[in-house]
Each structure stands twice: as C-alpha cells, then as structure tokens.
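Colleague: Sequence:
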Amino acid sequence: MVKKKNKKEEYEERIRKLEARIKELGKEEREPSIVEDVVGQFIPGLSGIVKTLEETSPEFRKRIAETDAEIKHRLETGWTSKPKIEYGSFAKPIAKAREEFKPKRIKKKSKEIKPEISEREPIVDVFETEKHISVIAELPGIEKKDIEVKVTDGILEISAGKYSKKLKLPCAVKNIIIEKTYKHGILELKLEK
1 MVKKKNKKEE YEERIRKLEA RIKELGKEER EPSIVEDVVG QFIPGLSGIV KTLEETSPEF
61 RKRIAETDAE IKHRLETGWT SKPKIEYGSF AKPIAKAREE FKPKRIKKKS KEIKPEISER
121 EPIVDVFETE KHISVIAELP GIEKKDIEVK VTDGILEISA GKYSKKLKLP CAVKNIIIEK
181 TYKHGILELK LEK
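Counted from 1, the sequence shown has number 176 at position 176 by full-length UniProt numbering; the numbering is strictly sequential.
I should point out that these hints are in silico values taken from the structure, not numbers from a laboratory. Backbone N, C-alpha and C fix where the C-beta goes; we use that ideal spot for every residue, glycine too. There may be inaccurate statements among the hints.
Keeping only pairs whose Cα atoms sit at most 30 Å apart, straight-line, the calculated BS3-like set for lysine-lysine is [to be verified]: (1) K193 to K165; (2) K145 to K183; (3) K150 to K174; (4) K166 to K190; (5) K180 to K193; (6) K145 to K180; (7) K131 to K190; (8) K104 to K62; (9) K174 to K193; (10) K180 to K144; (11) K165 to K180; (12) K62 to K17; (13) K166 to K180; (14) K162 to K190; (15) K168 to K150; (16) K145 to K165; (17) K180 to K190; (18) K145 to K166; (19) K190 to K165; (20) K17 to K7; (21) K183 to K168.
Restraint-style ranges between C-beta atoms, simulated for each label pair [as the list claims (entries may be wrong)]: (22) E76 to K7: 47 to 57 Å; (23) E148 to R105: 45 to 55 Å; (24) K107 to E157: 35 to 45 Å; (25) T152 to R105: 52 to 62 Å; (26) D125 to T152: 16 to 26 Å; (27) A69 to K17: 31 to 41 Å; (28) R105 to I177: 52 to 62 Å; (29) R14 to D37: 30 to 40 Å; (30) K72 to K7: 16 to 26 Å; (31) G78 to S57: 27 to 37 Å; (32) E148 to H184: 12 to 22 Å; (33) A20 to I49: 25 to 35 Å; (34) K72 to R14: 36 to 46 Å; (35) D37 to I15: 31 to 41 Å.
Assemble the whole structure, with the sequences as input and the hints as a guide.
Modeller: Pasting the structure below:
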C-alpha cells in the first residue's frame, strides 16, 4: 500500500511541476513577429490565425522566423524603394531574322515521265424525246471537217482530233442522223428512233 501511495504521490508531484512550468512559459512574454504584426494591420483578426498557426506548427513557426529575419536584415542594411530592373537587347534585327526564315524553293526531281494523253473524252449530254434522241458534245478547238460520227447497233461513236468517245444510247435507234450542227465547239446531233 505504501508503494502505491508513493507512486501516486510521485505522479501528482510530476503533474504539479509540469503545470508550474507551463504557467512560467505562458507568463514569458514573447515578442510578436513582424509578419504577424503586418498581417494584423492589413486584415484585423488574421494575426490571431497566424499566431495560432505559429504556436501549433513547427514548420510554420520556422517559416515565420525566416521571413522575420529577412525583413530585419533588409531594414538594417537599407531597403531601396526602387525595383531592380535589368534590360538589354534580346531581339535580333529584323533583317537577320528575315534571312533566317526566308522560304526556299525545293525543286522536285521527277524521274517519272508522265505519258502524254493523246485522246480525251469529250463532255457529252444525251436527251430523249418521243421521236428522237439529241446528243450534245463539247469539242473545243476542232474544225467541222475533222468530226466523224458513226451509229452502229445502238452505239454512237464520236471522234474528232484528240477527242474520242463511244456512247451506248438509251434506246434502239435507226442508224440515221437527222440533224448534225457544229458551232463554237459544240456538236449537236439528232438521231431518229
């Protein structure tokens, strides 16, 4: 029983010492940090938050101490109100820049020889009426004497200079051309049904 009392008394004694130490630490007036003071002046009430963070977070306390030290150092050594400005020429003259980016023509080396198209197909329209079929063909640059037209078994064949076309007609026709006109590069044909 004596041992239990002794342990209990020891613990109580330790608790009293700790409480006394806490009171002493609380009585020590600490100097408010410059950051806390400045923040408090800008936004009242925020200094209390800074103070609480400083008391609870060692990392925050360290950062505040570093900032305070930097501010004190600047105040002691002199703080110029003018910002430090560095300047210099960092742009290239326009003429040089233009030469660097001047587009250069790249000539394509063509090893392939493209065959020349000797014959072309003319543009042809076909219209059907009750009595006949009309065919209109574009043949620019051709003379009337060079145009050859043949109708065999429902197939119309037009050839003139560099133009040539075989065309199946929409219905059976008599192999007779009723009308053939050629003006300004346009050939018009009428075929009897």
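Colleague: Does K183 sit within 30 Å of K145, going by the straight-line distance between their CA atoms?
Modeller: holds, 12 Å
Colleague: Has the given pair, K162 with K190, been kept, meaning a C-alpha gap of at most 30 Å?
Modeller: Holds: K162 and K190 sit about 23 Å apart, inside 30 Å.
Colleague: Using the beta carbons of A20 and I49, state whether their distance is inside 25 to 35 Å or not.
Modeller: Since the Cβ atoms of A20 and I49 sit about 30 Å apart, the hinted range of 25 to 35 Å holds.
Colleague: Taking only the CA atoms, is the gap from K166 to K180 under or equal to 30 Å?
Modeller: holds, 17 Å
Colleague: Taking only the CA atoms, is the gap from K193 to K165 under or equal to 30 Å?
Modeller: holds, 21 Å
Colleague: Go ahead and decide if the range 12 to 22 Å is satisfied by the Cβ distance of E148 to H184.
Modeller: This hint holds: roughly 19 Å between Cβ atoms.
Colleague: Could you grab the alpha-carbon distance between K145 and K180 and see if it respects the 30 Å cut-off?
Modeller: Holds, because 12 Å separates the two Cα atoms, which is no more than 30 Å.
Colleague: Sort out whether K165 lies within 30 Å of K190, counting only the CA atoms.
Modeller: Roughly 17 Å separates the two Cα atoms, so the pair holds.
Colleague: Checking one constraint from the list: CA of K62 to CA of K17, max 30 Å. Satisfied?
Modeller: holds, 28 Å
Colleague: Does the alpha-carbon distance linking K180 and K193 stay inside the 30 Å limit?
Modeller: holds, 16 Å
Colleague: Can you tell me whether the CB distance of A69 to K17 sits inside 31 to 41 Å?
Modeller: holds, 34 Å
Colleague: Please check whether T152 and R105 have a Cβ separation lying inside 52 to 62 Å.
Modeller: holds, 54 Å
The structure shown violates the earlier hints numbered 8, 30.
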